[in-house]
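With chain A's structure known, arrange chain V on it following the hints.
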Amino acid sequence: MNTPTQQDEDPRLERVLAGDTEVFAEVFAEHRDRLWRMVHFRLDRRLQGRVDADDILQEAFVDAVQRLEHFRTSQPMSLFVWLRLIVGQTLVDVHRRHLGAQMRDANREMSPQQQLSNGTSMSMSFHLLAHLTSPSQAAVRAELTGLVDEALTGMNEIDREVLALRHFEELTNKEVAEVLGIDRKAASIRYVRALARLKDVLTHVPGFFDGDERQPGPDA
Amino acid sequence: MDLARIDDDTFELAASEFTSRVRRGEVPDIEEYVSRYPDLSDEIRELFPTILAMEQTKQHREFESGGKASLGARKIEQLGDFRILREVGRGGMGIVYEAEQESLGRHVAVKVLPPFALMDETHIRRFQREAQTAAQLHHTNIVPVFGVGEDDGLYYYVMQLIDGRGLDAMLVDADGEAVDPWHAADIGRQIADALAYAHEHGTLHGDIKPANLLLDQNGTVWITDFGLARALEPDATVTEHFGGTLRYMAPERFHGTTDARSDVYSLGVTLYELITGQPAFPGTTRSELLRQVTQTDPVRPRAINSRIPRDLETIVLKAIARDPDHRYQSSQAVAEDLGRFLEGSPIRARRVTSVERFWRWCRRNPALSAAICTAVVSTMMVAVLTSVGYYKSRRVNSRLQTLNSNLNGLNTDLQNSLNREQQERETAQATTQLALDALSKIFNRFAPNALYVTPVVIEDETTSDESDYTMPMQPALSPEVAAALEEMLPIYHRLAEQRGQDPTIREQAARAHHRIGLIYQQLGQSDAARAAYSDSIELLEKLRKEAPTTNVDETADTRLLTQHATVLNDLSELERVSLEFRSAEQASRRALDLIKSTAEETRSTDLQYELARAHLSLAKRTPFWHRPPNSGRRPGPPGGGRGGPNGPQGSGSRSPVSVASSSEGPDGPAPGDFQRPPGPDFPGNRGGRGRSRRGDRDGERPRDGERGADRERGGDRGDRRRRPRLTERFFGSWDDRRNHLESAIGILDELSQQRPDNPQLLILLARCYRERALQRPDRDASGFEDPDWEKAVELVSQLTNDYPEVADYRFELAEMYGDVEFWRINDETCGRRIEKRLRTALEILEELVAENPSRPAFVSAQAQMYVKLAAVYRHCDRDQKSIDMLHEAIALHQTLVERFPNVEAHMIWQVRLARLVALWQMREGNTGTAEQTLRDVIGATRQWLAAIAKEDDVSALDAQTLAGAAQSVNARDILRELGDTYFLLATLLDDEGKSVEASQARSVGNALHRRSSPRFRMPPPPPDDRPGPPPWMRNTPPPPPMPEPLASTTERG
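Protein chains in written order, with numbering that gives the first Met the number 0: chain A, 0 to 219; chain V, 0 to 1052.
No lab work stands behind these hints, which were simulated from the structure alone.
Pairwise CB distance ranges (calculated): (1) V:G938 to A:K184: 41 to 51 Å; (2) V:E76 to A:K184: 39 to 49 Å; (3) V:E97 to A:A24: 26 to 36 Å; (4) V:E16 to A:H30: 18 to 28 Å; (5) V:E845 to A:A24: 50 to 60 Å; (6) V:S305 to A:H97: 34 to 44 Å; (7) A:H97 to V:N925: 53 to 63 Å; (8) V:A302 to A:Q57: 38 to 48 Å; (9) A:A24 to V:A890: 56 to 66 Å; (10) A:K184 to V:D826: 45 to 55 Å; (11) V:E923 to A:H30: 57 to 67 Å.
In this text, a Cβ means the ideal position worked out from N, Cα and C, and glycines have one as well.
Just chain A, same shape as in the assembly:
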């Protein structure tokens, strides 16, 4: 794992570690968008509409304040990655609360990160296929859900996760590397490879790379 340097970059970190919640709130607000994206992406579809992403973030913030001590001991983890971890745990708690025993049983032995990445394949293909828009494409989409699912499932789990982190959660390569506990270079290569695989799959989806006027093709 590479050494994060966030502490050096952010002078406020000292004050956060010292327990200054106001500064912490400020820092949290800066990361809020990306954390919101994470919640949105990872939230079980059964809970959408029942649970608000903002509420989860609120809960996570309170949680984070109480657990700053944990952050201190988790060094050299960068603040964002730590926050993401806290939000992830909150999210798991929320899922437990709402989905009950079914989920607890299945996931008891998993780390929060594992629990989160568990549904990546499903939510990702759902997201990708939602991109197809016209009614006829919608019909195509229904047909192709299985195909993309299959492709994503067939992907290496880390590849799949890399795509989700990079795009749906807007993490940088460095952060991805840190979250997954792999080398930066490896993360980058995985990213490129996953893109290429995904592209292969999407090429077979009629209308994905053509027919969308907002989609400049390679020769646009």
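What follows is chain V alone, placed relative to chain A:
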């Protein structure tokens, strides 16, 4: 992609920059990056569009968390002139705020659109245009649109603020409780009124649903979002919030068409939900809804809420008819009928009769689930049996219990209608007739009346209020349907008994048997088909014999005769695709004699058509490798009167021995035991049903083909020399064939002049041309520039253009392309042409398979094309590609085996193909892989056999038990295939030096072969008695599915 080149951070840098620009809302030019990073141009061109797709996907999704709009982190306080006061609602297409228009000091509703909804000029212009049109609408039930605006990249839509609630919220509050029907009708009338007004002004709404309908304190309904759905389509409307919108979307919109009637539909579905308290389509996922909307009819409202007045139900059902032509044709008409309903006067909409509804339902549900089908059939039986006096029987009671509750409404209706009719007519005669009508309707729907569907009015259709009976119909095909229909056959017999062996009913029964045969044939269940045909023929023969005494109707005999000829011809086709050429020949000959026994000038068009069919069948080449089953084993390629192209050789086939030596194909001697690729007659060309398995029923009843032959032999010619006559009679001479072909073409030419638009005739004519092209002596193997072939293709192409919805015509076209002499590749050009033809055929078949997943014949044909392609590639030394093609074929057959586990033919093909792959692997020296291939397929076959025989432990089965098991289920052919596979394995093991294992395998093979079908009398090929072909080729099976271009690599000993 060269991952090594990604090693430095350059790509990462470029991608990150690109990504963040996309996130800022730009649409960066990918080519710009290409020129900035020329080293990475390939990677950028390939991957950046995917990055863009990921980002756009994310944006879309973020906007619609849980089906509701959100602007993510953005908080809006002011939009231009509008000060945002509070959020009043979120819909799929945006967030609605109450705002104060500061310049005018009035409160308005501002709908903020998703930030990505209008990404380019086209969208923005359309949005503005639609808003302008919407602003022109002035109606008491349409929310007035004030205008549109843009601020900081956010587009918004300004409307009058209505103090009301959305119907969606109302429905949520009602929590499943229905709205009072009259209140709902009033709401509906207001909406219909407003829609009628808007439609008159040329504006469609496009997204009528409860969420877009507001109800205010005074009970006035307001339609909101006019012009919005259409402005954003096809981008936002459908993307977002699909679960909501899709539910109210008219089915035709999935095909891209929409008109005023689509709004009528959406209104109808909304009304449905109001009066029943539940959505018409309850699906929650997109795919589920998609299927429900396009394929199912909702439960009838009164079945949910009996308080709904019948007239209101009628109106709602008419509004939501899936076919726009069956709906109200305008919103005006809906408004008027709702008005009539509210006033208590009679409505205009006619109630769809139960029979009609059943009919429509049937048409839309070709792929019936077994349960539903059985339930309908049971209902019919109950109804019929009840009305003819069997109501006390226990059977009826048990039937009743099995009725599917889902069909309650339908069932009750059917019974009611039958009962009502009975009361009205009060005669057994009428009831019987009614039952017959119902039966024939079901048969018309579910059973094809010909293998090829034609847009001709079905002849025994008795009711005529549905004009679309003339539409070509695709038969619904599933084993369940066939079985269910078969279950109904006793009704015919019982009805006939009731009416003293009424010949009319028995005639219908004969037709029903015939149709069931057709279904089974299409399903590849040759034995069941054969049995059904035989039953039909038997009945017809009896009827015709009795006709003079029982029937005064003169047309009856003509009709029976035509039917008789048709069934015989169908039987002949069945036999042909089952490789029973002798039986095929016999059936055709019987048809021919039958028709020839009538005077030519009295023959109907139909009869002439059947005559042409018989001629064509007799003209067809018999594959030269065909072994006449009764002549025992022959010393060479047996069979054939198929003349070579260099001159008719049929005259040489007087003796079986000379046949053997004169039957080579056009390009050199046939290889030894390994057969030449079959001619176009091999089973794959007609759907690959493979060799048939004899059913149990055949044992009880002599096959009519044999009966026919016996009769002929018993005649005055019985004492003549049999062998030559047999040969000639069974395989015909070359001249005979040509004469038959010309006769067929002559008849068809004449017929098609009288009826130029009859597709049935044209198809047959095309087949004749195809046959003639294939018999032309100097033909090019690819059919290149062959006038007959071109004519044939042209005829069929024309039909596919005229009737694009008839799958069978396209299938015919695919077969035209696929029926190519792929083993006669002379040069590379020829090879390419053949490849092209096969590819064309494959393209058509792929479409067909996608559209008709229930037709195994299509999949099977697809697999055959791959096999042929494999042969072509093999010939052109593209080995790897060839093996790939074989694997494609195997994969396809695997799906067939899985879907039709009880059809032996599919498994047989699987075994044969695997053996072929193994052969090629051996030839490449991959003996290990080949061995594995063989062992795998042996394992799969054993498992299949065990499953069929319901044995649990496969591995424990020795050859004998296995054979016994297979025999008990009549799977003899597969046993022989398995035996052959063991022999091949033995040879392979010998080559590998594993002699012990080899002899084990060989003994299993022998054990299996000894139990081979007595019908074929095929002894196991003794493994070592002949020199010649390479060792691995000796034991391959006689009817080769393999289009193996072996001519170059093999020689005869």
